[in-house]
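**Student:** My request is simple: use the sequences and hints to build the entire structure.
Chains Y and W are the protein sequences, given in the same order. Position one of the first sequence corresponds to residue 1 (the numbering used here), numbered consecutively onward. Position one of the second sequence corresponds to residue 256 (the numbering used here), numbered consecutively onward.
A portion of the hints provided could be inaccurate.
Simulated restraints, written as ranges between beta carbons of each label pair [unchecked claim]:
(1) THR339(W) <-> ASP142(Y): 47 to 57 Å
(2) ASP142(Y) <-> PRO416(W): 34 to 44 Å
(3) ALA42(Y) <-> THR339(W): 51 to 61 Å
(4) LEU362(W) <-> PHE85(Y): 19 to 29 Å
(5) GLU224(Y) <-> PRO457(W): 53 to 63 Å
Since the hints were derived computationally from the structure, they do not count as laboratory data. Cβ atoms here follow ideal geometry from the backbone N, Cα and C, with glycine treated the same way.
Residues per chain are reported as follows:
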Amino acid sequence: MRRLGATLVALALLTAPAAAERLTIALSTMDIRIDSDFTGDAITVFGVIERDAAAVSRAAPYDVAVLVRGPVESVVARRKEPLLFLWVNRSSETFTAAPSYYALSSTRPLDEIATPQLLRRFGLGFRNIPLQVAEAAEARTDPEFRDAFIRLRKEAGLYSEFAGGVDFIGSSELVFLTAAWIPSNAPDGRYTVEVFLFSGSAFLAREEATLNVTKVGFEQFMYEASHNQALFYGLACVLLALFTGWLAGVIFRRD
Amino acid sequence: MLIYLPIAELSVNMFIIFGMGGAVGFLSGLFGVGGGFLLTPLLIFSGIPPVVSVATVASQIVASSASAALSYWRRRMVDLKLATVLMLAGMVGTLLGVLVFNGLRSLGQLDLIIGISYVTFLGTIGGLMLTESVRAIVNARRGRPAPLRKPGQHNWVHGLPLKMRFKRSKLYVSAIPVVALGVGIGFLGALLGIGGGFILVPALIYLLRVPTNVVVGTSLVQIVATMSVATILHAVTNFSVDIVLAIILMVGGVIGAQFGARVGQNIRGDQLRALLAILVLAVAARFFFGLVTPPDEPFSLTTLSGSPL
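**Tutor:** This is the structure in structure tokens:
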């Protein structure tokens, strides 16, 4: 019964916006290429809120949240604990679906623009990222690992949350833009850009675009060679080493 | 000048890494050691992941040992039969070492074992070297002659079965300690990113009584072979050999070694050994403090196979 209710609410939420507002978004670039002197790049997300004839005038202003997510990966978080007199990795928790990159910007603080249920449903906010803990059956998941995971990712510049990062341009308040920073340590892969439109804590519309982050150049060639042609790569390293050693012997020969 | 390391996946200052390679090369030329036991820790302490440090230094050791091995080979100062037995055993040891390395990595215990091993080995060897060299220095001051070793002196090793004859070394000795030594050095080399010369050379001299004129050449040939195998095995199983890092280290290392060798000729052997011992103990102490002091950040993130994130 509860599930049916939830489904109905979800259906209502998903179908309702179609009649009123629509989002159109554009990215400043759909391809980010990471090469050797890449120090990070900003992508700008533009959006327009389109109102059709059926759109009612809203009592509350529009709120926008823009979420950029990198491909998911499995991550093991470990904690060092004292053992005798040593500090040793003793406990760990595995997250099987952690986004490798997560940048969220919004017009106002999240709890002011949508209900907690909506935020959780869309994975908006650090607290709502579905990391999917492995071995959760043991029922001893420690929230400390999750907090540490998010803190370390923030420190690495890969996770960010910016309330006030989305700005409306012009007096109509229907055109907005925001920027997300892709740092040099961002992993490559397909990124998704999701834009959510809210008004008075109610969900109105959602639009999605994708962004490809690819590594190019010598570095990428080497990285791929080391993984796909591991044996040749290893042999090449050894031959290079032997050659360097031999060359040094020839150059610096003292007899 | 920042340069991006494709496998370590981070940017480093090329000149700092080059300087490290050069400094360790200088010391290895000065002391006549491979330098892996200094270079690997130095890279780890400077923020390169231990996995990449160990795997990449394996290839650097190939380069730094190859030119020396070649010159010993030319001067016929290598016992080929002994080197072959050591090499074959060393390859088995290397394989075991890489397997243990990868296992520890996915358990998240690699850094700990590397730390403990460095403290144990470097602490023991540094301590022994320091007492030995200080005694030699004190003896020399007092004008006492160094104790002479009698030729043909035997120890317990020479009582073991399965004897083999090594003509070049004028040895008739059991294969058991030779194989054990080869396996052990290969294992440690793959696990810790060291050539193992600083263990192998004393072991060959004191344990097997290999004549000193072939010891260094033979051990160098063994090190080139096992470290080549270690490089390939690391490359194939954990993809952690960073070719860019390796090139910088190799070039810095071979240049530094030339200067080191020249300076080394003007310093007395016992003083040189005392200096090396202090250096070895300092590295051991640094690892020890890393293991016992509460970490600033107790949490760490890795992939499932253990690569740091």
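**Student:** Please go over all the hints and tell whether each is borne out by the structure.
**Tutor:** Do the hints match the structure? See the list:
Take THR339(W) and ASP142(Y): their Cβ atoms lie about 54 Å apart, and the range 47 to 57 Å holds. A beta carbon spacing of about 56 Å between ASP142(Y) and PRO416(W) contradicts the range 34 to 44 Å that was offered as a hint. Checked against the hint of 51 to 61 Å, the pair ALA42(Y) and THR339(W) passes, with Cβ atoms roughly 60 Å apart. Taking 19 to 29 Å as the suggested C-beta distance range, the pair LEU362(W) and PHE85(Y) conforms, at roughly 21 Å.
Remark: the range hint 53 to 63 Å for GLU224(Y) to PRO457(W) is contradicted by a beta-carbon distance near 43 Å.
The structure is inconsistent with the numbered hints 2 and 5, although it conforms to all the rest.
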